[in-house]
Amino acid sequence: MRYALSTLAGAAALAVNLIAGPAMAEDDGIIVYNAQHENLTKAWAEGFTKETGIKVTVRNGGDSDFSNQIVAEGSSSPADVFLTENSPAMVLVESAGLFAPVDADTLAQVPQDYQPASGKWVGIAARSTVFAYNKTKLNADQLPKSLLDLADPSWKGRWAASPSGADFQAIVSALLQLKGEAATADWLKAMKTNFTAYKGNSTVMKAVNAGEIEGGVIYHYYYFGDQAKTGENSKNVEMHYFKNQDPGAFVSISGGGVLASSKHPKEAQAFLKWVTGKGGQEILKTGDSFEYAVGKGAESNPKLVPLADLQAPKVDATTLNSKKVTDLMTAAGLL
Amino acid sequence: MLPPGGSGAAPELMRSAIDLARSGLPSGTGQRTLWRTAPWIVIAAIFVSLLSLLPLAFIIWIAVQTGWETVSALVFRPRVGELLVNTGLLVLLAVPIAIVLSVALAWLTERSDLPGARLWSWLCVAPLAIPAFVHSYAWITMVPRLHGLWAGVLISVIAYFPFLYLTVSAALRRLDPALEDAGAALGLGPWRVFLRVVLPQLRLAICGGSLLVGLHLLAEYGLYVFIRFDTFTTAIVDQFQSTFNGPAANMLAGVLVSCCFVLLGIEVLVRGEERYARVGSGAARSQQRARLGRATIPGLLLLLATTLLALGVPFVTIGRWLVAGGMEVWRFDEIGLALGQTLFLALAGALLATVAAMPMAWISIRAPGPLQRLLESCNYIVGSLPGVVIALALVTITVRIALPLYQTLFTILVAYALMFLPRALVSLRASIAQAPVELERAASSLGRPPLNALWSTTIRLSAPGAAAGMALVALGIMNELTATQMLAPNGTRTLAMAFWSYSGEIDYASAAPYAFIMVAMSLPLTWLLYVQSKRMAGR
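Chains A and B, in that order, give the protein sequences.
Numbering follows the UniProt record's numbering, in which position 251 of the first sequence is assigned residue number 251; successive positions increment by one, without gaps.
Numbering follows the UniProt record's numbering, in which position 379 of the second sequence is assigned residue number 379; successive positions increment by one, without gaps.
One or more hints might be untrue.
Pairs of lysine to aspartate or glutamate residues, derived as EDC-like cross-links and limited to a Cα-Cα distance of at most 20 Å, are as follows [to be verified]:
{"id": "1", "chain 1": "A", "residue 1": "Lys55", "chain 2": "B", "residue 2": "Asp333"}
{"id": "2", "chain 1": "A", "residue 1": "Lys192", "chain 2": "A", "residue 2": "Asp309"}
{"id": "3", "chain 1": "A", "residue 1": "Lys50", "chain 2": "B", "residue 2": "Glu82"}
{"id": "4", "chain 1": "A", "residue 1": "Lys199", "chain 2": "A", "residue 2": "Glu212"}
{"id": "5", "chain 1": "A", "residue 1": "Lys189", "chain 2": "B", "residue 2": "Glu82"}
{"id": "6", "chain 1": "A", "residue 1": "Lys324", "chain 2": "B", "residue 2": "Glu69"}
Derived Cβ-Cβ restraints for the label pairs, each shown as a range [claimed, not checked]:
{"id": "7", "chain 1": "A", "residue 1": "Ala331", "chain 2": "B", "residue 2": "Leu195", "range": "49 to 55 Å"}
{"id": "8", "chain 1": "B", "residue 1": "Ile60", "chain 2": "A", "residue 2": "Lys235", "range": "48 to 54 Å"}
{"id": "9", "chain 1": "B", "residue 1": "Arg196", "chain 2": "A", "residue 2": "Glu38", "range": "37 to 43 Å"}
{"id": "10", "chain 1": "B", "residue 1": "Val75", "chain 2": "A", "residue 2": "Gln311", "range": "40 to 46 Å"}
Hints were generated in silico from the structure; no laboratory data involved.
Model, not experiment: these values are computed from the prediction.
The C-beta atom is built at its ideal place from N, Cα and C for all residues, glycine as well.
All chains, full assembly: derive it from the sequences and hints.
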């Protein structure tokens with residue numbers, strides 16, 4: 001019965017949408033363009049709605065398509081809030097002048113390190129780059145010392161990545177900032193010969209686990225997420241943190257921002273405040289996302305290597321250049 | 001995933017509908033009288049055809065805007081070469097294998113005394129009810145290491161051979177046995193009769209079916225993502241995800257469209273101009289089924305193997321994941337919502353496609369001529385474009401020019417209508433051909449205004465065809481993924497989208513209920529397709 005009811009509700013909601021058109025959206029709460037993991041934002045949206053009664057409609061997608069989409073939509077974007085997994089997408093929207101300043105209370109909830117000086121967006125979570133490897137195939141002493149080592153011919157055919165994803169592209173953008181354009185272009189060229197492409201970081205980890213490939217460059221939380229479930233796709237996987245301020249130790253900041261064109265700026269700001277506040281950050285600690293919490297005084301899941309121990313390189317999140325990265329990757333034949 | 005447009009009732013069947021129409025055409029109904037009696041229908045048909053050219057015009061416009069230098073930098077690069085090789089090899093390998101398999105299966109089920117031929121023939125069509133990406137999902141979870149070209153060929157053949165089987169078996173059923181008798185009487189053995197008499201007569205069916213399969217391979221996305229095989233379509237989606245509507249994606253789309261045209265051109269060349277119809281008076285004798293004798297066992301084995309690969313693997317995998325997931329994966333609220341939205345989109349899209357196809361179908365039966373042929377070819381060309389190309393065009397057009405339509409239900413329904421117009425057109429045309437024009441005239445002479453006369457006669461009589469067409473369009477929409485993801489209004493989550501999102505996070509158990517529902521809903525529609533093809537062949 002419940003099944004039939006929600007089926008009917010689904011059809012009816014769309015029908016109403018057709019008849020009433022965009023006018024309906026006015027009373028529909030806020031629209032979030034969500035590039036974060038669906039479950040995480042779902043938990044945030046539900047928590048927020050429960051506390052404030054403000055409805056949240058989520059459109060799911062990826063960092064890069066949404067950031068470019070928002071730029072293409074310009075001032076008529078239907079989105080109120082934009083949440084990403086990585087910073088380059090935020091930078092793209094900010095440099096197009098499409099973000100409204102984030103409320104001061106919200107900014108005050110997050111340390112300076114996890115927000116741009118402009119105050120146009122704010123960090124909502126963080127993730128660390130790792131080299132996930134199959135422990136039956138590689139010993140600790142055979143691991144690459146640096147991300148750059150993977151360009152070496154000795155690594156040919158031995159590592160994987162998901163180049164079409166924004167996650168990997170963020171790592172490349174950090175490399176670009178740290179080592180410059182020429183070195184990055186060379187590294188990408190070597191990568192094209194050396195690596196095996198998969199679609200999605202989960203798939204990379206699954207392949208590593210199955211021994212299809214020795215290792216892969218992904219983010220840390222895929223491992224913990226799988227361990228928390230059945231461990232079926234990570235039982236042979238071990239994590240190698242590059243540390244040492246290596247480009248491969250890059251910690252990527254997930255961002256949130258309110259669109260200047262938002263028709264519900266108050267509600268949108270409230271949502272961002274909630275996400276970076278106690279309720280939202282608590283979900284990072286207790287939920288199944290295993291991303292790092294970034295709020296002041298917020299703790300991350302105790303299973304994770306503490307953020308402070310990761311020896312991440314100093315990367316200025318506000319100048320990560322996603323356009324240049326996709327151009328370089330297109331030129332290297334990775335896209 | 002289902003047809004970018006090609007449609008279940010294949011070109012071969014389309015042609016039979018045209019023949020039917022021509023023979024029943026009363027003299028004196030020409031283009032000019034048509035214009036006088038029903039100007040609105042002509043205007044509507046022209047409007048729909050122009051609209052369907054929009055995606056093509058858009059790609060050309062973007063190319064011109066981008067400038068030759070950038071275009072050539074984006075098109076003539078090694079990556080495009082790689083994709084061209086991948087896509088080309090895939091089509092060159094999968095299509096011939098599918099042809100051989102389909103001809104063998106069709107002959108066994110239509111012309112031999114194989115036990116259970118009727119059941120087998122339904123089992124050869126049933127794989128169509130399983131979206132191609134679900135086929136791939138099933139294989140990848142059963143054989144995780146499967147990837148690359150040969151995996152692509154295997155799953156492509158399994159997922160798409162029924163299109164060829166449908167057209168070939170329909171053609172086989174209608175062959176006049178007299179020709180084969182003549183061949184045998186002239187001293188040819190059974191194999192030679194098959195090669196020199198039967199096979200040439202299947203040429204149209206094989207060409208039509210191959211075209212359909214080829215176009216699907218070019219348009220398919222999900223299937224190849226699972227097995228990590230890059231084609232133009234997957235690369236376009238990658239670019240779209242990295243840059244939204246950047247020029248690189250549009251230029252890849254341009255190359256992909258050229259590939260579609262190459263396929264269409266090859267089909268026209270190979271099809272030839274020969275005439276295959278029976279001439280003279282009388283009706284064809286009914287066919288005799290060949291005795292298989294000792295060949296029965298291998299024949300049965302071939303059918304069994306095909307069924308196991310094409311139906312067994314997906315059903316076993318879905319079943320296994322459903323068991324593994326238990327009751328937990330049946331999140332009824334979520335599933336119900338997705339089901340409702342999918343049904344609504346499918347029905348609304350099917351309705352729009354059918355209404356849009358109506359004027360064109362009517363003109364092509366009542367007043368065929370150069371104008372009609374031109375307009376109609378526009379519709380078929382667009383029907384052969386991959387969904388990703390149409391979606392990319394509509395996203396960019398609505399964002400840049402028609403912003404109020406952006407992300408609306410209207411736009412996605414238009415996309416569906418463009419993609420699946422040929423399906424609606426084919427079914428409608430066949431049933432309008434059976435509605436006598438005299439009824440329209442009688443209604444007119446009794447004083448009804450033209451459109452009213454049309455409504456109360458032909459349109460009502462074509463209802464069964466319209467319903468069949470709608471079912472085919474709905475089937476396509478239900479299993480559509482790429483265009484839906486790019487165009488859907490905010491908050492939309494169809495069955496295919498939910499399936500894709502779960503399987504992308506390798507949560508195969510949670511994806512299983514969605515796969516199950518998609519298959520369960522597609523089965524009756526596939527059955528309809530099967531019955532329709534039988535009826536078209538006169539049985």
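Against the structure, the hints come out as follows:
no. : hint                            : in the structure
1   : A:Lys55 / B:Asp333              : 17 Å, holds
2   : A:Lys192 / A:Asp309             : 32 Å, violated
3   : A:Lys50 / B:Glu82               : 51 Å, violated
4   : A:Lys199 / A:Glu212             : 15 Å, holds
5   : A:Lys189 / B:Glu82              : 15 Å, holds
6   : A:Lys324 / B:Glu69              : 19 Å, holds
7   : A:Ala331 / B:Leu195: 49 to 55 Å : 52 Å, holds
8   : B:Ile60 / A:Lys235: 48 to 54 Å  : 53 Å, holds
9   : B:Arg196 / A:Glu38: 37 to 43 Å  : 59 Å, violated
10  : B:Val75 / A:Gln311: 40 to 46 Å  : 44 Å, holds
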